[in-house]
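Novice: Turn these sequences into a full structure, and let the hints steer you where they fit.
Heads up: the protein sequence lines correspond to chains Y and H, in order.
Quick note: to get my numbering, add 14 to the position in the first sequence (first position is 1).
Quick note: to get my numbering, add 105 to the position in the second sequence (first position is 1).
Be a bit skeptical, because a hint or two may be false.
To be verified - Computed far set for chain Y versus chain H, every beta-carbon distance over 10 Å:
(1) VAL55
(2) GLU56
(3) ASP72
(4) GLY73
(5) LYS76
(6) ASN77
Stated by the list, open to error - The calculated DSBU-like cross-link candidates involving lysine-lysine, where the alpha carbons are at most 35 Å apart (straight line), are:
(7) H:LYS243 with H:LYS270
(8) Y:LYS36 with H:LYS276
(9) H:LYS243 with Y:LYS68
(10) H:LYS276 with Y:LYS68
Keep in mind the hints are simulated off the structure, nothing from the lab.
Ideal Cβ placement from N, Cα and C applies to all residues, glycine included.
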Amino acid sequence: METNDNDKSSVIVEVIDGGPLKITGQILLKDQKKDISDNSVEVLLCRCGRSCNKPYCDGAHKN
Amino acid sequence: MEREKNTYSGGRRYRNNDITVYWKPDACVHASYCYRELIEVFDPGRRPWVDMNGASTDRIIEVVNMCPTEALTWKWNDEEKNREISPDQTNHVIFRRPELLTEIEKAVQGNPVSVKIMMDGPIVIKGDFHFQYSGNNKEMKDGIISICRCGASNHLPFCDGSHRKIGFEDK
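Specialist: Right under this line is the structure:
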């Protein structure tokens, strides 16, 4: 009998073409200084280097 | 230095006051990083071949983390400190040999996916997760990936170290 893996809160890391990194699920998000959040449901992380709100995406890649 | 319990199932272990280094001979591929980097500690011609007094704890951790296999792994002797290990500590036993963690350490660690924002560098993601990229869905089991944050990598979406060349800064 197989157990259903999907009922565990699985984490999805998605590279959005021409856009940010989208992570859904429970993660431990850390930067150098502190734990930013230990209970995130969804985060969008900047991949272009231009966000003014790093590490998060602020849409700057569109400009 | 106590000599008595330096064996365990699967290999040997070596301690100093801070950490324990585990040696699993079956897993060694002789990449030689250990003795090329730190012969004072890792000397294949000596018995025992690991001398934990040969260098600082920080330096030993640094070199153990270079081992490309699970032949050399390490953990803090203080259980509390094993609860929060960042993904760049690649050869901590949590990433390579979780069977060596105590029950307490395992229970606390659970299996969270850790996402670490490296200063002026990439996003390092570690754990069990689904990685979706260009229409592919790859199931990562105890995986680790490093995603470019500066936009300059030649291997997007992965980091290739270009952030240093372009002087990427978080500010």
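Novice: Look at each hint and say if it fits the structure.
Specialist: Checked hints:
no. : hint                   : in the structure
1   : VAL55                  : holds, 13 Å
2   : GLU56                  : holds, 12 Å
3   : ASP72                  : holds, 14 Å
4   : GLY73                  : holds, 14 Å
5   : LYS76                  : holds, 13 Å
6   : ASN77                  : holds, 13 Å
7   : H:LYS243 with H:LYS270 : holds, 30 Å
8   : Y:LYS36 with H:LYS276  : holds, 21 Å
9   : H:LYS243 with Y:LYS68  : holds, 27 Å
10  : H:LYS276 with Y:LYS68  : holds, 8 Å
Going through the hint list in order, the structure satisfies each hint without exception.
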